[in-house]
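Those protein sequences? They're chains A and B, same order as listed. At position 110 of the first sequence (counting the first as 1) the number is 110 in my numbering, and the numbers step up by one without a gap. At position 231 of the second sequence (counting the first as 1) the number is 231 in my numbering, and the numbers step up by one without a gap.
Do not take every clue at face value.
[Said to hold, decoys possible] Capping the alpha-carbon separation at 30 Å, the derived lysine-lysine pairs in DSBU-like fashion look like this:
hint, chain 1, residue 1, chain 2, residue 2
1, B, K341, A, K173
2, A, K247, A, K175
3, B, K311, B, K260
4, A, K341, B, K245
5, A, K311, B, K175
6, B, K175, A, K341
7, B, K341, B, K311
8, B, K247, A, K175
9, B, K311, A, K173
10, B, K101, B, K173
11, B, K173, A, K341
12, A, K175, B, K311
13, A, K201, A, K245
14, A, K175, A, K245
15, B, K158, A, K173
16, B, K158, B, K117
17, A, K158, B, K260
18, A, K259, A, K341
19, B, K247, B, K260
20, B, K158, A, K341
21, B, K158, B, K130
22, B, K173, A, K311
23, B, K245, A, K201
24, B, K201, B, K247
25, B, K158, A, K158
26, B, K245, B, K260
27, B, K245, B, K259
28, A, K311, A, K188
29, B, K173, A, K158
Just so you know, the hints here were simulated from the structure itself, not pulled from any lab data.
Number of protein chains: 2
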Amino acid sequence: MTQNYNHEHYMALALELAEQGRYTCDPNPMVGCVIVRDNEILGRGYHIKAGEGHAEVNAIADALTNTDTLDGADIYVTLEPCSHTGRTPPCCEAIERHNFKRVIVACQDPNPLVGGKGIARLSAKYEIIKGILEEQALELNHAFFYRMEHQRPWVQIKMGASLDARTALANGKSKWITCQAARNDVHKLRLAASAILTGKKTMLLDNAQLDARESNLGFAPQRQPLRIILDTNAESLDIVTEQIKSKKSPLQRTLMISKKPLTETQNAIGLLDTLDLNTKDIQTLLHQLNPLQLNTLMVEAGAALTSSFLKADAVNEIVLYLAPKFLGPTARGLFDLPELKDLPLQNEWYFHHIEIMDTDLKIILRRC
Amino acid sequence: MTQNYNHEHYMALALELAEQGRYTCDPNPMVGCVIVRDNEILGRGYHIKAGEGHAEVNAIADALTNTDTLDGADIYVTLEPCSHTGRTPPCCEAIERHNFKRVIVACQDPNPLVGGKGIARLSAKYEIIKGILEEQALELNHAFFYRMEHQRPWVQIKMGASLDARTALANGKSKWITCQAARNDVHKLRLAASAILTGKKTMLLDNAQLDARESNLGFAPQRQPLRIILDTNAESLDIVTEQIKSKKSPLQRTLMISKKPLTETQNAIGLLDTLDLNTKDIQTLLHQLNPLQLNTLMVEAGAALTSSFLKADAVNEIVLYLAPKFLGPTARGLFDLPELKDLPLQNEWYFHHIEIMDTDLKIILRRC
Chain A
1 MTQNYNHEHY MALALELAEQ GRYTCDPNPM VGCVIVRDNE ILGRGYHIKA GEGHAEVNAI
61 ADALTNTDTL DGADIYVTLE PCSHTGRTPP CCEAIERHNF KRVIVACQDP NPLVGGKGIA
121 RLSAKYEIIK GILEEQALEL NHAFFYRMEH QRPWVQIKMG ASLDARTALA NGKSKWITCQ
181 AARNDVHKLR LAASAILTGK KTMLLDNAQL DARESNLGFA PQRQPLRIIL DTNAESLDIV
241 TEQIKSKKSP LQRTLMISKK PLTETQNAIG LLDTLDLNTK DIQTLLHQLN PLQLNTLMVE
301 AGAALTSSFL KADAVNEIVL YLAPKFLGPT ARGLFDLPEL KDLPLQNEWY FHHIEIMDTD
361 LKIILRRC
Chain B
1 MTQNYNHEHY MALALELAEQ GRYTCDPNPM VGCVIVRDNE ILGRGYHIKA GEGHAEVNAI
61 ADALTNTDTL DGADIYVTLE PCSHTGRTPP CCEAIERHNF KRVIVACQDP NPLVGGKGIA
121 RLSAKYEIIK GILEEQALEL NHAFFYRMEH QRPWVQIKMG ASLDARTALA NGKSKWITCQ
181 AARNDVHKLR LAASAILTGK KTMLLDNAQL DARESNLGFA PQRQPLRIIL DTNAESLDIV
241 TEQIKSKKSP LQRTLMISKK PLTETQNAIG LLDTLDLNTK DIQTLLHQLN PLQLNTLMVE
301 AGAALTSSFL KADAVNEIVL YLAPKFLGPT ARGLFDLPEL KDLPLQNEWY FHHIEIMDTD
361 LKIILRRC
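Chain A with its partners taken away, still in its complex shape (with noise of 0.2 Å):
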């Protein structure tokens, strides 16, 4: 067993670890950290909740349990441990207080509030070795990553179609295209998200919920992602209400997106606010979303507006349900976008993902 091997067998550990805060740590980006000395594992922490301890400090916690000292081990972390104080103390302050041998980071934080300072701060101290399995955990936290780069959330759309792309029958039928195991799966999506955004026609056509269910999941979820409407004039807004008033979890927060100011009543149940962003430009919209820390944006809504989401270039990531049914052409299509008078020379999109999902076929494109 070389030293190399060993690095990325804890360093994958550690992934695992981070991974388990999927569907509590947003909008902090998940984390996981291993202690090992003499190729024993003393400590495992990862990042539960945003606000609570962050993976380093988890993880030796966690060793200390099971030794008296740190001296001479090494800490393995898939993000670099933060430098500044958040909600918490930074992690290097943590770190420092050991007398650890190596401190070994998969990727650099692109927060700019952090953004090779950590690393800078602890390599005064430790032996530092960077870019372990760097790939894979700059995948895990893409959409974390994304946002910091470019202020605006990593929009995902999400659609569920039959082989010959059909949404649903020329009638409006549309349960069930995709199987269970795809339907299920995307309550996983939700719950990974930070929001999942609608439109007016889907919350006055099918009454949509957005959110996780635990009869889906298999687990009960322990938060849920924003909801976010927009409806210029607020034509939902009683729907909205009636559903958020029938919602026992306090974990539902609802914002719509229109002119219509929000009434007290409305504000006491629960419905965020109502935002006017006063812009159709997409890209717009979704730079004034910022401060609401969304990493994951998921768009679940009719042809029209994914559509306008697409036309605006401002989709990261299409998820797509297909099942093994050919529905014909007169039922209703994915999209609604311009004709096209020539091919593109060019793609723009790739295959990043594809699983069979029992009877159904799941993809992930991304852009090129």
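Put chain B on the given structure of chain A with help from the hints.
Chain B in isolation, oriented as in the chain A frame:
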């Protein structure tokens, strides 16, 4: 290493050998054979070409260049050895000339002329082990077995489309939607097919060659599929005649299904025949083609003809190359299917195979 591991190991080798006949052995099944004694491989063989040596005969000949006697050796064969005299003498006879210890067979031959008779005959002299890697062996020759059972070819529809299931722009532009790797793969499908069927429109509009080309394959094809053109009034006869004249390869064979009788000149230049099926029923057509011994009948045609095959429930497999593009709702769709008023409760298709092919996705659907 257990004995059972050995069986699977050597049968896997025999299956790999069988696979080497994919582009040459039509209309016969692919068969591979390995002869083993004391964990030493004495001989290998596969069926190269119809009318020439079968796999067993080739493997025995190969083994006898390495050893004087096959006494006590095991013979692994991917398909039950034949007991009848076809174009070559029965393989059972060739095997019986030697004192093999065991005959290990992956699957029984569904050909009614063999159908267990080979195994029965050999079991008089040898210990027989059946069913090693049976599933893989059945899959290898699924089209051949299907023809034996149903007296009609296995129908494979091939299509290339964008992810919104469009095969061409509204103005007809379609070069190229799919990537080079996908287009090259189509030539492998063609070469592996017994015949390629198309319609009058494709011949008139696209002047389709329906052949497997060296430039796409990366090797020189030793045979070409039969070309079948459905053209009741032989409107594409001039184009087809020109095509045949311009072909240098004598391997090109073309069958036109029309009511117009063939002239002597047309026959002389290689137009195989015209076949007046006098039927518009696709299932009947397929059965009438059975004397031609077509295993895989590949349909490469437009939306109308492929849809006729689908509507007639005559399609066993759809090979779909999907490019990560969206061409929009005005572009041409995959099929012209009748409008559905209700969603089907059960899937008609399942994903048999998915594969990323450079930038595109290759999907093989089979009937449930």
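Cross-check of the supplied hints:
1. B:K341 x A:K173: Answer holds: B:K341 to A:K173 is near 8 Å, not above 30 Å.
2. A:K247 x A:K175: Given that 30 Å is the threshold and the Cα spacing comes to 23 Å, the pair holds.
3. B:K311 x B:K260: The hint holds at about 27 Å.
4. A:K341 x B:K245: violated, 36 Å
5. A:K311 x B:K175: With Cα atoms ~24 Å apart, A:K311 and B:K175 stay inside 30 Å; holds.
6. B:K175 x A:K341: Distance of about 13 Å is within 30 Å: holds.
7. B:K341 x B:K311: holds, 16 Å
8. B:K247 x A:K175: violated, 53 Å
9. B:K311 x A:K173: Judged against 30 Å, a Cα distance of about 22 Å means the pair holds.
10. B:K101 x B:K173: violated, 63 Å
11. B:K173 x A:K341: Distance of about 8 Å is within 30 Å: holds.
12. A:K175 x B:K311: holds, 24 Å
13. A:K201 x A:K245: holds, 21 Å
14. A:K175 x A:K245: Measuring from Cα to Cα gives roughly 26 Å; hence the hint holds.
15. B:K158 x A:K173: Given that 30 Å is the threshold and the Cα spacing comes to 29 Å, the pair holds.
16. B:K158 x B:K117: Violated, at about 37 Å.
17. A:K158 x B:K260: violated, 53 Å
18. A:K259 x A:K341: Violated, at about 38 Å.
19. B:K247 x B:K260: holds, 23 Å
20. B:K158 x A:K341: Within the cut-off at roughly 25 Å; holds.
21. B:K158 x B:K130: The given pair, whose Cα atoms are some 35 Å apart, is violated under the 30 Å limit.
22. B:K173 x A:K311: Holds, because 22 Å separates the two Cα atoms, which is no more than 30 Å.
23. B:K245 x A:K201: Distance ~60 Å between B:K245 and A:K201 Cα, so the pair is violated.
24. B:K201 x B:K247: Cα-Cα ~21 Å, so holds.
25. B:K158 x A:K158: Holds, at about 28 Å.
26. B:K245 x B:K260: Holds: B:K245 and B:K260 sit about 20 Å apart, inside 30 Å.
27. B:K245 x B:K259: holds, 22 Å
28. A:K311 x A:K188: holds, 27 Å
29. B:K173 x A:K158: holds, 29 Å
The structure fails to meet hints 4, 8, 10, 16, 17, 18, 21 and 23 from the earlier list, while all remaining hints are met.
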